[in-house]
Amino acid sequence: MNFSSFLLMRQEMILLTIILLLLVAEISLPKAKKQSIVHLAIFLFGINTIVGFFAIETSSWFGGMFHTNGLIHFFKNVLNVGVFILLLQSADWLQEKIVDNNKGTEFFILLFSSLLGMYFMISAGDFLMFYLGLELSTLPVAALAAFEVTKRISSEAGIKFILSAALASGVSLFGISMLYATSGSIYFDDIITMIASTNLTLLGFILFFAGLAFKISLVPFHFWTADVYEGAPISVASYLSVISKGAAVFILMILLFTVFKNLMHVWENIIYVVALATMFIGNLFALRQQNMKRFLAFSSIAQAGFILLGLMTGNQLGTATIIYFVMIYVFSNLAAFGVVQAISLKTGKENMNDYEGLYRTNPNLSLVMMLALFSLAGIPPVAGFFGKFFLFTAAASKGYYLLVFLAVVNVTISLYYYLLVVRAMFLRTSDQAIPYFKNKLYMKLGLLVTVIGILVLGLYSPLYDYIFELSKHLN
Amino acid sequence: MDILTLFIIVPVLTIIALVFSKGLERTRVVSMIGSIIQLGMAINLVFAYFKERAVNDGIMVFTKDVVWFKNFNIHYNIGVDGISVALILLTAIVVLAGVFISWKTSELPKEFFISLIVLSVGVYGVFISIDLFTLFVFFEIAVIPMYLLIGIWGSGPREYSAMKLTIMLMAASAVLLVGILGIYFNSNADGGPLTFNILDIAQVNIPEAAQKLFFPLVFIGFAVISALFPFHTWSPDGHASAPTAVSMLHAGVLMKLGGYGVFRVAMYLLPLGAIHWSWFFIILAATGVVYGAFSAIRQTDLKYINAYASVSHLGLVLFALLTLNKIAWNGAIIQSLSHGLLTAMFFALIGMIYGRTHTRDITKLGGMMKILPFIGAIYVITGLAYLGLPGFSGFVAEMNIFVGAFQQNPDTFHRVLTVLVVSSIVVTSVYILRLVGKIMMGPLITNDVQDLPRATWYEKTGILLLMIPVIGIGVAPLWLSDMIMKSLEPFIQGVL
Chain X
1 MNFSSFLLMR
11 QEMILLTIIL
21 LLLVAEISLP
31 KAKKQSIVHL
41 AIFLFGINTI
51 VGFFAIETSS
61 WFGGMFHTNG
71 LIHFFKNVLN
81 VGVFILLLQS
91 ADWLQEKIVD
101 NNKGTEFFIL
111 LFSSLLGMYF
121 MISAGDFLMF
131 YLGLELSTLP
141 VAALAAFEVT
151 KRISSEAGIK
161 FILSAALASG
171 VSLFGISMLY
181 ATSGSIYFDD
191 IITMIASTNL
201 TLLGFILFFA
211 GLAFKISLVP
221 FHFWTADVYE
231 GAPISVASYL
241 SVISKGAAVF
251 ILMILLFTVF
261 KNLMHVWENI
271 IYVVALATMF
281 IGNLFALRQQ
291 NMKRFLAFSS
301 IAQAGFILLG
311 LMTGNQLGTA
321 TIIYFVMIYV
331 FSNLAAFGVV
341 QAISLKTGKE
351 NMNDYEGLYR
361 TNPNLSLVMM
371 LALFSLAGIP
381 PVAGFFGKFF
391 LFTAAASKGY
401 YLLVFLAVVN
411 VTISLYYYLL
421 VVRAMFLRTS
431 DQAIPYFKNK
441 LYMKLGLLVT
451 VIGILVLGLY
461 SPLYDYIFEL
471 SKHLN
Chain Y
1 MDILTLFIIV
11 PVLTIIALVF
21 SKGLERTRVV
31 SMIGSIIQLG
41 MAINLVFAYF
51 KERAVNDGIM
61 VFTKDVVWFK
71 NFNIHYNIGV
81 DGISVALILL
91 TAIVVLAGVF
101 ISWKTSELPK
111 EFFISLIVLS
121 VGVYGVFISI
131 DLFTLFVFFE
141 IAVIPMYLLI
151 GIWGSGPREY
161 SAMKLTIMLM
171 AASAVLLVGI
181 LGIYFNSNAD
191 GGPLTFNILD
201 IAQVNIPEAA
211 QKLFFPLVFI
221 GFAVISALFP
231 FHTWSPDGHA
241 SAPTAVSMLH
251 AGVLMKLGGY
261 GVFRVAMYLL
271 PLGAIHWSWF
281 FIILAATGVV
291 YGAFSAIRQT
301 DLKYINAYAS
311 VSHLGLVLFA
321 LLTLNKIAWN
331 GAIIQSLSHG
341 LLTAMFFALI
351 GMIYGRTHTR
361 DITKLGGMMK
371 ILPFIGAIYV
381 ITGLAYLGLP
391 GFSGFVAEMN
401 IFVGAFQQNP
411 DTFHRVLTVL
421 VVSSIVVTSV
431 YILRLVGKIM
441 MGPLITNDVQ
451 DLPRATWYEK
461 TGILLLMIPV
471 IGIGVAPLWL
481 SDMIMKSLEP
491 FIQGVL
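Going down the list, the protein sequences come from chains X and Y. My numbering numbers the first residue of the first sequence as 1 and each following residue consecutively. My numbering numbers the first residue of the second sequence as 1 and each following residue consecutively.
If you are wondering where the hints come from, they were derived from the structure by calculation, not from laboratory data. Just so it is clear, CB atoms sit at the ideal spot from N, CA and C, and this is done for glycine as well. Hints are supplied without guarantee of correctness; some may be wrong.
[Stated by the list, open to error] Far from chain X, by Cβ distances over 12 angstroms, these chain Y residues were calculated:
no., residue
1, V66
2, F69
3, I74
4, W103
5, T166
6, G179
7, W277
8, I381
9, R454
10, W457
11, M483
12, G494
[To be verified] Cross-link-like lysine to any residue pairs, in silico, SDA-like; alpha carbons within 20 angstroms at most:
no., chain 1, residue 1, chain 2, residue 2
13, Y, K110, X, N364
14, Y, K22, X, N364
15, Y, K70, X, Y460
16, X, K472, Y, N73
17, X, K398, Y, L213
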C-alpha cells in the first residue's frame with residue numbers, strides 16, 4: 001500500500017476530506033456567517049467534480065474488494081455532475097429555510113456520506129464492500145427525507161423510508177448469505193466461476209435482486225416511492241429519483257452482466273416481467289397524479305422500467321445504452337425537479353393546477369419544464385429520445401420485439417401525462433397563475449446546466465461512442 | 001453548405017431570429033422573409049434537380065453522408081429524388097402561404113411562428129432523409145408542435161383535439177419505431193452490416209417472414225398520419241380546432257408524410273410484405289375514400305367537411321399506392337401535391353370567411369359571393385378543382401389513379417374496389433357543389449353582414465401563391481409527371 005494506490009481512491013478521499021472540512025467549518029464559523037457554508041460546500045464539491053474528470057487507471061485494491069476502471073470512473077462522474085446540479089438547485093432552499101435552523105452542514109454531510117456510499121457500492125469487488133456501500137448510501141437518505149422535522153409529512157417519509165430500506169437490505173443480505181453458502185466466496189471474481197443454477201443460488205439471487213429493486217423502485221418494490229417523494233424535501237426526492245436510482249441501476253447492471261452472467265437464462269425472464277410491470281404500473285399511476293412530486297415519482301418508476309430493457313441484452317451494447325440513458329435521465333429529471341423546486345420555494349405550490357398559465361408569467365421556467373418533460377417522454381430532438389431509441393434498439397437486437405412494442409405503448413401513455421403538465425403551463429390561462437419571479441444565481445445555473453445537457457447530450461454522438469468504448473471494461 | 005442541409009439551417013436560423021425579435025410587426029416580417037427564402041431555395045432546387053438529373057443517374061441526387069452514431073451505423077444521410085423535390089416545393093409554398101394567412105395572429109405571435117417553422121423543419125427533414133433514423137427523428141419533430149399549435153391558438157374543444165391528435169400520431173410513430181427496428185435488424189440478411197440506409201436496405205433481400213411481420217407496423221405507423229380508415233378520427237377534430245394556418249399546413253403537408261413514408265419506407269423496403277398485405281390495406285383505404293366522402297355530405301361545419309374530404313382524398317392516395325402499378329403511383333404523387341395545395345386553399349378560405357362572419361356553420365351562411373366576391377370566386381374555383389375538373393391539378397391526379405387502378409389490375413377484386421372508389425367522385429361533387437350553391441350563390445341569410453371587410457393584400461398573396469401551382473399542374477402536368485416518373489423507376493424495379 002503506497003501513495004499511488006491511494007490516488008486510485010482519490011475520489012473517495014476527496015469526498016471524505018470535504019465532509020471533514022465542512023464539519024470543521026461548522027464548528028469554527030460564527031453563527032452570522034453560517035450562510036457561507038452553502039457557498040463553501042458548492043465550491044468544494046465543484047472541485048471534486050472537476051478533479052473527477054482526470055482519467056484513472058484500471059486497478060483493484062484491498063485484495064479485490066475495491067476496484068476501479070474507466071467505466072466505473074465515468075459513472076462516478078455522472079453522479080458527481082448530478083449531485084453538483086442538485087446542490088446548485090438546492091442552494092436557495094438551504095439558505096432560506098435550513099441554514100437558519102443550524103442544519104445546513106448536516107444536510108451536506110449526510111448527502112455527501114450517501115454519495116460516498118455509492119462510490120463504494122459501484123466500486124465494490126465483493127459483496128461485503130457492496131453491502132457496506134449500499135447501507136452507507138441508504139441510511140443518510142432516511143435522515144434527509146425527514147429533514148424538515150417540523151412537517152409531519154416529512155417525518156412520515158423518513159420513517160417509511162428507513163423501515164422499508166431496512167427490510168430491503170435485510171432481504172438482500174439474506175440473499176447474499178445464500179450465495180455465499182453455495183459458492184463459498186463473497187468475491188465477485190470467485191462467484192463468477194462457482195455459480196451454478198441450483199435452487200439455493202436462484203433463491204439467493206432473487207432475494208438479492210429484491211433488495212436492489214427496492215432502491216431502483218421497481219414494481220413490486222415501489223410502494224414507498226410516491227409517499228417518500230411527496231414527504232421528503234424536493235432536493236431529497238430529486239436525489240432519490242436520480243442519483244440513488246442511477247447508482248443502483250449501475251451496480252445491478254454490473255452484477256447481472258458479470259457475477260450472474262451464467263444465470264442469464266433465469267434473470268432475463270425476471271427482468272422481462274419486472275420491466276413490463278414497472279412500466280405499466282408507473283405509467284398508469286402517474287396518469288392521475290395532481291401533486292408534482294408524486295407525479296414525478298411515478299414517472300421515475302416508469303423510467304426505471306424502460307432502463308430494464310437495456311439489461312435484456314447482457315452485452316456491451318446494453319451497458320453503453322443503459323449508462324447513456326441514465327446520464328440523460330439525470331439531466332432531464334433534475335431539470336423537472338429543479339423547476340418544481342424553484343416554484344415550490346417561491347410560492348409553496350406543488351400541484352399541477354397551480355401551474356396553469358405559467359408560461360404567460362414565467363416563460364423561461366415553463367420552457368425548461370417542457371424540455372425536461374419532452375426529454376423524459378422521448379421526443380426528438382432532445383436527448384431523451386436518443387436514450388430511449390437506443391434502449392429499444394438494444395432490446396430489439398436480442399429479438400424482444402414484443403417487449404419493445406409494449407414499451408412503446410408505454411411511451412405513448414407517458415406522453416399523455418407529460419403533456420398534461422404542458423397543457424397546464426401553455427394551453428391554459430388562469431387568474432391565479434403564479435406571478436413572475438426571479439430566480440437566484442445558483443438556481444439559474446442549476447437549470448441552465450440541465451438544459452444544456454438535455455439539448456446537447458443526444459445530438460452530440462461522440463459521447464455515445466466514448467461510453468461504448470468504455471463499456472468494454474465490463475464485457 | 002450543401003443545397004439540402006440549407007432546408008434545415010434556414011428555418012433554424014429563422015427560429016433564432018424570431019427568438020430575438022420583439023413585437024408582432026417584426027415577428028411576422030422575420031417569418032415572412034424566412035419563408036420566402038425557403039420558397040426561393042425550393043424553386044432553385046427544382047431547377048438544380050433537372051440540371052443534376054441530366055448528368056447524374058443515381059437514385060438520389062445531392063447526396064451527403066455524415067456518420068452520426070457509428071455504433072448503430074446511423075448516418076445523417078440526405079438526398080432527393082423527383083418525388084421529394086416536388087413535395088419540398090409544396091411544403092415551401094404552403095408554409096409561405098400559411099405565414100401570410102396568419103398575418104393577424106395577435107396572441108403570442110412569436111411562439112406561433114416558431115412552432116409553425118419547427119413543424120416545417122420536421123417536414124423538410126423527412127423529405128430529404130435517406131437514413132431511417134434521421135427520417136424518424138424528423139417525423140416526430142413534425143408532429144409534436146401540432147400539440148401547441150392547436151392547443152394554444154385553436155378554437156372549440158382545442159385541448160381535447162390537440163391531445164387526441166398528438167396521442168394518436170405519437171402512438172402511430174411508436175408502432176412505426178418497432179417496424180423500423182425490425183427493418184434495421186434484418187438489414188444484414190445478405191451478410192452486410194446492419195444499416196439504416198434506405199437505399200442499401202432496398203438492395204437486401206429481407207426474409208419474407210420478417211417482411212410480412214413488419215410491413216403492417218410500418219404501414220400503419222405512417223398511414224395514420226394520412227388518416228387511414230379507421231385511424232382517421234384525430235383528423236376531423238384536429239382540423240376543426242386548429243387555427244387556419246395550422247389546418248393548412250397539417251392537411252396540406254403533414255398528412256403527405258404518411259403517403260410518402262408508406263411509399264418510401266414500407267413498400268420500397270418491404271416489397272414482399274406489401275404484396276402480401278396489399279389486399280387488406282387496400283380495402284381499408286377504399287373504405288376511407290367512400291366513408292370520408294359520405295361523411296363530408298352530412299357535416300354542417302365547413303372545416304369538418306374539408307377534414308372528411310381530406311380523409312377521402314388521402315385515402316385515394318393510399319389506395320393508388322396499394323394498387324401497385326406505376327400509372328396509379330404517378331397519380332398518387334400528383335394527388336398528394338394537388339390535394340396539398342387545394343386543401344390548404346380551402347382551409348385558408350374557410351379561415352377568411354370565419355374571420356369575417358364568425359361562423360363556420362353552413363346553415364348560417366349564404367350569398368357570400370355578393371359580399372365577398374374575391375373569396376367567393378376563389379372558393380368556387382377551388383371547389384371545382386377539388387372535384388377534379390379538367391384544367392386543374394385534381395383532374396390529372398385522379399385520372400392517373402383510376403386509369404392505373406382499372407387497367408393494370410384486371411382481377412375482379414381490384415376492379416370492384418376501383419369502381420367503388422370512382423363512385424366517390426360523384427359524392428365529392430355533391431358536397432362541393434351543394435356547398436358552393438348554398439353559401440356562395442344562395443340567398444343572403446342576414447342583412448347585417450353587408451359591410452364585411454374585403455380580402456386584404458396578405459390574404460390575396462397567400463391565396464395566389466397556392467392558386468398558381470394548381471393551375472400550373474393542371475395545364476402543364478408533363479414536367480411534373482416527367483420528374484416523378486423517372487424517380488419511380490427504382491420503385492418499379494424493387495416492388496413490382
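Against chain X, does G179 (chain Y) keep a CB gap of more than 12 angstroms to every residue?
violated, 10 angstroms
Quick one, are K398 (chain X) and L213 (chain Y) close enough, alpha carbons at most 20 angstroms?
holds, 17 angstroms
Once the closest CB in chain X is found, is it more than 12 angstroms from R454 (chain Y)?
Its Cβ never comes within 12 angstroms of chain X, the nearest being 33 angstroms, so this holds.
Can you confirm whether the C-alpha distance between K110 (chain Y) and N364 (chain X) stays at or below 20 angstroms?
The given pair, whose Cα atoms are some 14 angstroms apart, holds under the 20 angstroms limit.
Between the alpha carbons of K472 (chain X) and N73 (chain Y), is the straight-line distance 20 angstroms or under?
holds, 18 angstroms
12 angstroms cut-off, C-beta based - I381 (chain Y) kept clear of every residue in chain X
holds, 37 angstroms
Does N364 (chain X) sit within 20 angstroms of K22 (chain Y), going by the straight-line distance between their CA atoms?
Within the cut-off at roughly 16 angstroms; holds.
Against chain X, does I74 (chain Y) hold up as non-interface, every C-beta pair farther apart than 12 angstroms?
About 8 angstroms separates I74 (chain Y) from the closest Cβ of chain X, which leaves it inside 12 angstroms; violated.
V66 (chain Y) non-interfacial with respect to chain X [C-beta, more than 12 angstroms]
The assertion about V66 (chain Y) is violated, with a minimum of 10 angstroms to chain X.
Verify that the Cβ of G494 (chain Y) lies farther than 12 angstroms from every Cβ atom of chain X, and report whether the claim holds or is violated.
It holds; G494 (chain Y) is separated from chain X by about 24 angstroms at its closest Cβ, greater than 12 angstroms.
At 12 angstroms, judged by beta carbons, does W103 (chain Y) keep clear of chain X as stated?
Since the minimum Cβ distance to chain X is about 23 angstroms, W103 (chain Y) lies beyond 12 angstroms and the statement holds.
According to the definition I'm using, a residue is off the interface if its beta carbon is farther than 12 angstroms from all beta carbons of the partner; does F69 (chain Y) meet that for chain X?
Answer for F69 (chain Y): violated, closest chain X Cβ roughly 5 angstroms.
Hints 1, 2, 3, 5 and 6, counting from the list given before, are not met by this structure.
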